[in-house]
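Undergrad: Sequence:
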Amino acid sequence: MALSEEECSTAKASSSSPASSSATVSSQGVNYLAKCVLRGSAILQVAYGHLRSPSSLDVVFGKETSIELVIIGEDGIVTSVCEQTVFGTIKDLAILPWNEKVYGQNTQMPGKDLLVVISDSGKLSFLTFCNEMHRFFPVDHIQLSDPGNARDQIGRMLAVDSTGRFIATSAYEDRLAFFSLSMSGDDIIDKKIFYPPENEGSGSSSRNAQRISVRGTIWSMCFVSKDPIQTNKEHNPVLAIVLNRKGNTLNELVLLGWNLSEHAVYILSQYLEAGPLAHSIVEVPHSCGYALLFRVGDALLMDLRDARNPHCVYRTTLDFSVHTPEEHVCVEELCTAHEFDDDGLFNVAACALLQLSDYDPMCIDGESGSGKTTCKHVCSFSWEPKSNRSPRIIFCLDTGEFYMIDVSFDSDGPKVNISDCLYRSQPCKSLLWVDGGFLVAIVEMGDGLVLKVENEKLKYKSPVQNIAPILDMSIVNYHGEKHDKMFACCGVAPEGSLRIIRSGISVEKLLRTAPIYQGISGTWTVQMKFTNSYHSFLVLSFVEETRVLSVGLSFTDVTDSVGFQPDVCTLACGLVADGQLVQIHQTAVRLCLPTKAAHSEGIIMSSPVCTTWSPDNMSISLGAVGQSLIVVSTSNPYFLFILGVRSLSAYTYEIYELQHVRLQYELSCISIPQKHLEMRHLSSNVNLVDVGGAVPPVGVGMGITFVIGTHKPSVEILSFAPEGLRVLGAGTISLTTTMETAISGCIPQDVRLVLVDQFYVLAGLRNGMLLRFEWPSAFTPSSELCLRSSIPFPGKVENFLLNTKLNSFGSETCSVNMGEKDGLPVTLQLIATRRIGITPVFLVPLSDSLDADIIALSDRPWLLHTARHSLSYTSISFQPSTHATPVCSVECPKGILFVAENSLHLVRVIIFRTLNYRDCLAVILLMIVYISSL
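In terms of the working numbering, the sequence shown has 774 at position 774, counting the first letter as 1, and numbering is strictly consecutive.
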């Protein structure tokens, strides 16, 4: 809703002064604030052009009060690029194509099309897409009329000349305006004229007014192109409109001409033929004067080359009596989880299609009722985008049947070829034919479709989600998880559906690759140095391959310059010291020193320096890399190896064994905190006073402390010190249902050490559950423990205890030095359990800090907030993903890379700053907030 200037000024005055606020409250009563929690999904307008760059193929959806920029991938999936609200209600939008002659002097947007929008604000707006800000920005605004929806206010319908030189906009009736465009000066508008003139005398007779002006309802309009030979002369535009004059039962075709030299608009001709009612006209592209006039029951090909003598050259009926394919209903697609973003707050998590009968209870006319027409008419159409072949148009009838018309021209005149029925669905409000052969079909009260032209037929590819209209809804607490969900009855027969809408965090989708990344088994981002603010490399591990990409404006393959072995599956990787990258795969641990070809801080050599370490006659199953420490485990037999790195000479390093122990149980996961804990440098600015004097338990030192998950199943916290490896804490996982039956699949898939007001351990299980373990309250840590920023080993590493004696340890028996209470590790307490899916849970911290928020991947992505009690998590408005990793670069400092549907998706989570002691992702509740006056 757009506020008037008076309302805005009143609001400002009210907020700036308590006295004025009190006066306003007393005079107007209680104030309310309504928050939109889900943007409208009904698409009313569609457009297609090169908005982000001269080579991009972008689709724009007009959604009444917002515009959404989307792209259609090679698989036919619609991906949202951005969505932003606008002030006012959009009435129409169109693409203004780039014209070198008109806009050649503009260096800010070379080759990019503009988006033209009219709304009830009364303005004609020219928008350009800003790639840096990732949103549309206005180039110019033209005030057409006062805000509102009066029938005679200009700003209801748009028509754009195919050359991008002229624009016309009309009112509902009686009035229209012409604009010629030029970017030679500061204004985009060169000339403009309103028709009829505003100063036209009101004393003219009705007959004279009909002769010289447009009096009646304007149904449709389009520009008529001229022969390119006339481009050297002054180009006077011709506009064709379908007009219903007051009192007439038939619509007529009126041709208007704008004489630029005389600055006047004239009626060039009128065409009225007895027969069906005409309702739409559209120009035939690249035909220089031909247009299709659609009427109820037929369509006419009009020759408008001589604007003073329009005539019909071909006529076809729309009553096709041919075999039509069955209507496509994709129950599987409609019942899958789909997402809706509104500032990312809410998403559609599931959709159950209601199978309804052919009888429509909302239709008051029966099959034999007089209110049901027997004549078919075209309800939507779209021309094929730029093509070397003859113009082709696909149109949809009110019966839901799709047909194609091919218009060709030769010496004998135009030829028209009409196809058989290509497809059948619900009647479509709008059609948009885009490159790649895809056709976007928008249904008014149901899900839209993405179809593809294949072998002269249309094939269904994917849905375009639309939850409007919502006929009924109910909010429930689902499964007692304290996450309210809304069940909504959406659509009308036969497209009715029951949908679940729940709270979620919004993501801004920045980039999506083609679906060419099959078989990804892991993703990591790595810095070149610990002090670097941005990531240097993106590592992608496949089943039998590893690729290393540089992070920057473009992701370039630098695998050879980094030194990673490319023909193996990487199990883990990371930075062990500045400039030293480690790759762990099944047969070896590989230390690499990248060259300057891979990174500006690399070594000055032609090829990277590499060294390896391998266990004797064993294969590596797991691994993790931390600062100054490498941990790997083997299977059959079960061993845990602690490795270090030392320098032998310049550019010569050695991976050597610090200690190895034999395990009672096979490990399922290993996690090493990536940064040493510094209380004064937490990402949330936590200090000891804020969190109640938080200090780590005895023995927990960052850099030598790590967490493991075992097949026992259990989670254990280990610490490696000069005295050897010891277990600081252990928690056994034994879960049962309410019927006292054991829950299967409780093996940890991923574990993380977290700090808020105290340390705790998060464990994601293979059965889709999430657990939180804490130290028991009776276990009092030493407040004098000092955590240093480097590994606390005095002297040279080779003088440390290198215990090669085989030891067995676990939560029951241990022969190594275990800890602080009676020689046994502390038993961790299970504080909270949550089921967030049925697939294994992977935990991905958004930064290296221990208090960073964590993304949990299961059936769908979730955001885990670091919380003082229990578990706090919120759904992320994104599709189910197999892997994720944070990406921090100059261009995208807070990006996240998801792997979904064999594609890489770079997104940015929208973060709001709150008044709490930490920055968190704000979740707006599904309610209307009541603001009481103070």
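Incorrect hints may appear among the rest.
Claimed, not checked - Below 30 angstroms or equal to it, Euclidean Cα-Cα: the simulated BS3-like pairs (lysine-lysine) are:
hint, residue 1, residue 2
1, Lys63, Lys415
2, Lys529, Lys415
3, Lys415, Lys226
4, Lys415, Lys452
5, Lys386, Lys415
6, Lys452, Lys63
7, Lys376, Lys112
These aren't lab readings, by the way, just hints derived from the structure by calculation.
Undergrad: Within a Cα-Cα threshold of 30 angstroms, do Lys529 and Lys415 meet the stated pairing?
TA: Since the Cα atoms of Lys529 and Lys415 sit roughly 69 angstroms apart, the hinted pair is violated (cutoff 30 angstroms).
Undergrad: Does Lys452 sit within 30 angstroms of Lys415, going by the straight-line distance between their CA atoms?
TA: holds, 25 angstroms
Undergrad: Is it true that the CA of Lys452 sits at most 30 angstroms from the CA of Lys63?
TA: Holds - the C-alpha atoms of Lys63 and Lys452 are around 24 angstroms apart, at most 30 angstroms.
Undergrad: Taking only the CA atoms, is the gap from Lys63 to Lys415 under or equal to 30 angstroms?
TA: violated, 38 angstroms
Undergrad: Is the Cα-Cα distance between Lys386 and Lys415 30 angstroms or less?
TA: Cα-Cα ~20 angstroms, so holds.
Undergrad: Need the status of pair Lys376, Lys112: alpha-carbon distance at most 30 angstroms?
TA: Given that 30 angstroms is the threshold and the Cα spacing comes to 39 angstroms, the pair is violated.
Undergrad: Does Lys226 lie within 30 angstroms of Lys415 when you go C-alpha to C-alpha?
TA: Distance of about 20 angstroms is within 30 angstroms: holds.
Hints 1, 2, 7 from the earlier list are contradicted by this structure; the remaining hints agree with it.
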